[in-house]
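S.K.: So you can see what is in the structure, the chains are spelled out below.
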Amino acid sequence: MSTPLQVWSYRNLISNLAQRDLKARYKRSVLGWLWSLINPAATLGIYTLVFGLFLGGVAPEMGSGREGVFALFLFAGLVAWNLFAGVVNGSITSFLNAGPLLTRTYFPPECPLLATLAAVLLQSLLEVSILLFFMIVVGNLSWTFLVFIPVFALLSCFALGVGLVLAVLNIRYRDVAYLTGILLQIWFYGTPIVYSLDTVPENAKRIIQLNPMNAYVNAMRRGVYYLDLPTLSNWVVMITSASVSLAFGWWLFSRLAPRVIEEL
Amino acid sequence: MTADAIVVDHVSKDFRLHKDRATSLKELITRRDRKSGADHFRALDDVSLTIPEGSMYALVGHNGSGKSTLLRCIAGIYQPTSGSVHATGRISTLLELGAGFHPDLTGRENVYMNATILGMSKKEIDDAFDQIVDFAGIGEFIDSPVKIYSSGMYVRLGFSVAVHVDPEILIIDEVIAVGDTEFQRKCFDHLYSLRKRGTTIVVVTHGLGTVEAMCDGAAWLDHGVLQMTGTGGVVTAAYTDQVNARERAERERVAARAADADPDGAADAEPVGSVEDLQIETVEFIGADGAAADVGVYHEPFTIRMHYVARKPVTNPVFGLAIHTSTMVHVTGTNTKIDESPVGTLEGRGHVDFAVEALPLTPGDYEVTVAISDEFIQHNYDRHEREYHLRVRSGSDRQTPEGVMDMRGLWSRTTGDRTATGSETVRR
Numbered sequence: 001m002s003t004p005l006q007v008w009s010y011r012n013l014i015s016n017l018a019q020r021d022l023k024a025r026y027k028r029s030v031l032g033w034l035w036s037l038i039n040p041a042a043t044l045g046i047y048t049l050v051f052g053l054f055l056g057g058v059a060p061e062m063g064s065g066r067e068g069v070f071a072l073f074l075f076a077g078l079v080a081w082n083l084f085a086g087v088v089n090g091s092i093t094s095f096l097n098a099g100p101l102l103t104r105t106y107f108p109p110e111c112p113l114l115a116t117l118a119a120v121l122l123q124s125l126l127e128v129s130i131l132l133f134f135m136i137v138v139g140n141l142s143w144t145f146l147v148f149i150p151v152f153a154l155l156s157c158f159a160l161g162v163g164l165v166l167a168v169l170n171i172r173y174r175d176v177a178y179l180t181g182i183l184l185q186i187w188f189y190g191t192p193i194v195y196s197l198d199t200v201p202e203n204a205k206r207i208i209q210l211n212p213m214n215a216y217v218n219a220m221r222r223g224v225y226y227l228d229l230p231t232l233s234n235w236v237v238m239i240t241s242a243s244v245s246l247a248f249g250w251w252l253f254s255r256l257a258p259r260v261i262e263e264l
Numbered sequence: 001m002t003a004d005a006i007v008v009d010h011v012s013k014d015f016r017l018h019k020d021r022a023t024s025l026k027e028l029i030t031r032r033d034r035k036s037g038a039d040h041f042r043a044l045d046d047v048s049l050t051i052p053e054g055s056m057y058a059l060v061g062h063n064g065s066g067k068s069t070l071l072r073c074i075a076g077i078y079q080p081t082s083g084s085v086h087a088t089g090r091i092s093t094l095l096e097l098g099a100g101f102h103p104d105l106t107g108r109e110n111v112y113m114n115a116t117i118l119g120m121s122k123k124e125i126d127d128a129f130d131q132i133v134d135f136a137g138i139g140e141f142i143d144s145p146v147k148i149y150s151s152g153m154y155v156r157l158g159f160s161v162a163v164h165v166d167p168e169i170l171i172i173d174e175v176i177a178v179g180d181t182e183f184q185r186k187c188f189d190h191l192y193s194l195r196k197r198g199t200t201i202v203v204v205t206h207g208l209g210t211v212e213a214m215c216d217g218a219a220w221l222d223h224g225v226l227q228m229t230g231t232g233g234v235v236t237a238a239y240t241d242q243v244n245a246r247e248r249a250e251r252e253r254v255a256a257r258a259a260d261a262d263p264d265g266a267a268d269a270e271p272v273g274s275v276e277d278l279q280i281e282t283v284e285f286i287g288a289d290g291a292a293a294d295v296g297v298y299h300e301p302f303t304i305r306m307h308y309v310a311r312k313p314v315t316n317p318v319f320g321l322a323i324h325t326s327t328m329v330h331v332t333g334t335n336t337k338i339d340e341s342p343v344g345t346l347e348g349r350g351h352v353d354f355a356v357e358a359l360p361l362t363p364g365d366y367e368v369t370v371a372i373s374d375e376f377i378q379h380n381y382d383r384h385e386r387e388y389h390l391r392v393r394s395g396s397d398r399q400t401p402e403g404v405m406d407m408r409g410l411w412s413r414t415t416g417d418r419t420a421t422g423s424e425t426v427r428r
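Protein chains in written order, with this note's numbering: chain A, 1 to 264; chain B, 1 to 428.
Calculated directly from the structure, the hints in this document are not laboratory data. For clarity, every value in this text was computed on a predicted model and none was experimentally measured. What you were told as hints is all true, and nothing was included just to trick you.
Derived pair list, reagent style DSSO-like, types lysine-lysine, alpha-carbon separation capped at 30 Å:
{"#": "1", "chain 1": "B", "residue 1": "Lys196", "chain 2": "B", "residue 2": "Lys123"}
{"#": "2", "chain 1": "B", "residue 1": "Lys123", "chain 2": "A", "residue 2": "Lys23"}
{"#": "3", "chain 1": "A", "residue 1": "Lys23", "chain 2": "B", "residue 2": "Lys147"}
{"#": "4", "chain 1": "A", "residue 1": "Lys27", "chain 2": "B", "residue 2": "Lys123"}
{"#": "5", "chain 1": "B", "residue 1": "Lys122", "chain 2": "A", "residue 2": "Lys27"}
{"#": "6", "chain 1": "A", "residue 1": "Lys23", "chain 2": "B", "residue 2": "Lys122"}
With the C-beta cut set under 8 Å, the calculated list includes, among others, these residues of chain A facing chain B:
{"#": "7", "residue": "Asn12"}
{"#": "8", "residue": "Leu13"}
{"#": "9", "residue": "Asn16"}
{"#": "10", "residue": "Arg20"}
{"#": "11", "residue": "Arg28"}
{"#": "12", "residue": "Leu101"}
{"#": "13", "residue": "Thr103"}
{"#": "14", "residue": "Arg104"}
{"#": "15", "residue": "Thr105"}
{"#": "16", "residue": "Tyr106"}
{"#": "17", "residue": "Phe107"}
{"#": "18", "residue": "Pro258"}
{"#": "19", "residue": "Ile261"}
{"#": "20", "residue": "Glu262"}
A virtual CB, placed ideally from N, CA and C, is assigned to each residue, including glycine.
Chain B with its partners taken away, still in its complex shape (with noise of 0.2 Å):
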């Protein structure tokens, strides 16, 4: 299982800018002088990475980093312009649901179709036939026009296609977005299927939540150069990081032209009210005693408070926190509107406590997360992402519980049921 299904070394894939591009033979012929070489885009840069057999593999980046170029190279549908690609086994691709899909033939005659293209053989389809159909929920319109099918119809059709040719490799790009829940779910727990038996997955996603709970690799890439490989869960935190700089830098660029542009009342423009408004200055951890601690106690009473200055009267913001561990799990995370206690309107500085009576976290290092947001959770004001750590060691007197956390649970007995009370009558 340690052998790599995909070993991208140093890749480089240039395009032709359309504006480049001689489209008839006039404009060939009159724009022979033109030095060739020119204006071309680079997609990918020098990008090498290995995919271990029978791993899943994310690749994550905003619009236009490459992403999708990359898969289609190591789906052979691109030739690099430099570097290599090696692939082994066979290779399915989802790159568009229901590509190939010709709108005047039937459900049944599409799939076939679709099958060949991605590799089977007519005898494989037709064992597989009923199983595809009956995954994507066709049912009696297996035999009428593609045309005539929904565009959810159309994907699940799709992609039941693609995911039963049972690939060694599977490629998808962002399609299973498409589907309603219940579909998203039966894709993915089909995923998680395909991985237990060697299936080699690469998944282009934007769903970073998807990326942290089932890849165990990721890839980072901007503007074709790659960025980071890792775990799944620490390249999606550096990914989301930058996310979060750039808008708050966005924010506070836009904040800035609109000072600029109206310096009497630069905030009445922003419906919402700027990031400057409310910013958390410093957030402290504060143990038993009541005074600021480095670290925390397990099962001693703990709180995070977060000090906040409001340079103009804010309404109801929304405090929140999360923790995460140190190798990234997600181990909860509450807001004042989860947990219903809405802070009022703030102005000037001031602190907004979340204390806990004992300290349910195991002893181990953390990364805490504080927010601001507005009413509606739809605008942070202020973000600081994992900037605490939280170190936890366990009481003097105490036996900690395993894993993250502690469940709180109350163990008891009770005597009398009727099956126990035989053998304890035997006992006795």
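Just chain A, same shape as in the assembly (with noise of 0.2 Å):
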């Protein structure tokens, strides 16, 4: 079993391996790293277009008291889920990639797994600072803004932890990467990322609130949309499910990874 601080001592690996996955996405592409803004951007605009013009999604009120605009009330709510989904699915695909890496030497098999993650991260920063520019735009900014940091951070471990179970279960079954992208549409939906939690009906409600992932989004859409501190319970679900995720995540990635790599 890899301990946490044997993997610290790989980080200049961690650090070369989510440069390489930077490096190697542009190449060879005219536009470069300008994909990693038209992409989310182009997310965002069919969003805003198909439920907040088509469908009439509204947008409540900002926190500055502004009038709502459903596609920055979108915007903060993407970016959480973003972070979410881009480890979960990159973890599962770095994990098949280092492969031929992992039968020739050794190294702890988070690795890859990290630095996807690290990846991840640095594009949700971008998105993030965007997001922040248009809050600027239209005034709608306090300090408040900050609590991005420990969101990211919290669900970062949970995504990792999901990420890693994932991970390690997709090298004996190629179904779960079929069957998680699946069921991230699903959670997607099910996380209320395209409408609010106030437009649902009560009994859907509470279902959805027990959902770890609403309670990540929230938090983000109070700090930089409402411009106000998550909840109580928004801090202990993220926490929880962040603990909770991780530990198991790591545990059985650890029993399990060393086995599975050699059917790489």
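Combine the two chains into a complex, taking the hints into account.
M.R.: What follows is the structure in structure tokens.
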């Protein structure tokens, strides 16, 4: 079992793997790094068009008292979701792709997943800066924006835990990757991102509140959109889900990884 | 220097066979009733060995004997099913060259990546970078994506990174053989200097010459079972014996089958002829008096006589012999092709002699190998690998030189050289 300390001693490798991911990602594309802006912008545009304009989604009033902007309301939640989904999907592929490396040289098998986490976090920070820019433009800003830091930290742990489990199971059962694709879609719509929790019926609301992602999205929104602090229950859910997920994921991964490496 | 760098303690390794593997959830559920534990393949079976610090150690064995699995267990990539492996020191592995090279990234970026994987820090890589590129002979290509590299460049860069990690333990699978001869020589030189600096090197090899020449120790694996360990020479000798025996058995089996299938003209089917066509019956040593002798005498006439039996006419077979010391140093070897003495067409019984006027071997114990192969030395008719023991004793009235061989040199002295003249004058 690799301890976090052992993994830490390989931080050089992790940062190099992350750099390699980022460097290789946009090689041979004309727009290069711009794609990491274009991609979220396109998603945001589509969701705003469909859910805001066509389906008439209305954004609540902002923390500054300004009239709600649906695109920003959506973006605040989407940033958190993108981090989560990016880490989960990235974990599965990065562990699979690390196969040729892991069977030829020894390093803690957690490293490629942590590298993915680093790369996704970087992308998320980029998205947060864009969000920040627009919040400044509309004049809806307060120090509560900084809430994104603890939220990102906890969300990273939560997502990494889920990613570790799925990545290691996926080696033996490739169904996991396909199943994850579907489950993430359901999860996305089961989290109040393209809609507000206030607009759903009471009994559906209760079910959604069981979803830990709801706490992250809500905490993020409170900080950057409503200019308020996350609720106590948000904190409790985030801290509990993050620690349980990471502890379980790490334990299962270090138990199974040495055995599945042979099958990579 | 007597400490053990690697201790392999009763290591066994099982692999699940793929046919037993449920790769989808459906299979997992429908095959639940299957007894688990069946269909396992044992790649290593209770292997124990120790590799001393600073030594060069070879693993030999045929394909699939578990050598690579053992290397991976030592490197920590595989965990043994039972038993344990202890390795002391920083391990660098060279299991497949250029593993981890990303085709789209440049040579430079890949060097940094690969060296980091092998455990080097950024600063260490900066310091070694020029050396790495220089050793690999990549030149200006270092800033091009590695996918445009030739396979040779790929291999050289991979090797160069792995050896410049300055590892305490270096683990190498059969990868060096890929480069050209010049690069191979460079590799061996580098390995040699690493060993001198105290690096423990574990290498899997089929190039048995390498093992004999460079390795302090060796282990022979067969189907996952450790056959023997010992010095490089002894282990390779045993291994070669077995390979030869198998080859002979295989050839005999093929010949027997051909004879069964086609009792009238069995041998015609084989292009080179059947091994039975020409065999060595016995080998005799003939001493100075022309009679058979048990021992050779240093600096006296000596003949190795090979009695053959040719069941069919065979044209220009090549007779060869080799002499090893009892510690497996290859002293010399030659054949009728090297010496340009064709034997002509053989039929029936006869003998071929190899005679020396004065036996140049110093007193001691030697092993003699004799063999007959076809004209092109492609195919052995017969080979007796170190089956004949030769003891050489000193002649009564002659001092013997040191080492195993007499150089037969002539000493002489010449006066009147420019530098020497002056001093002689003074002395006079």
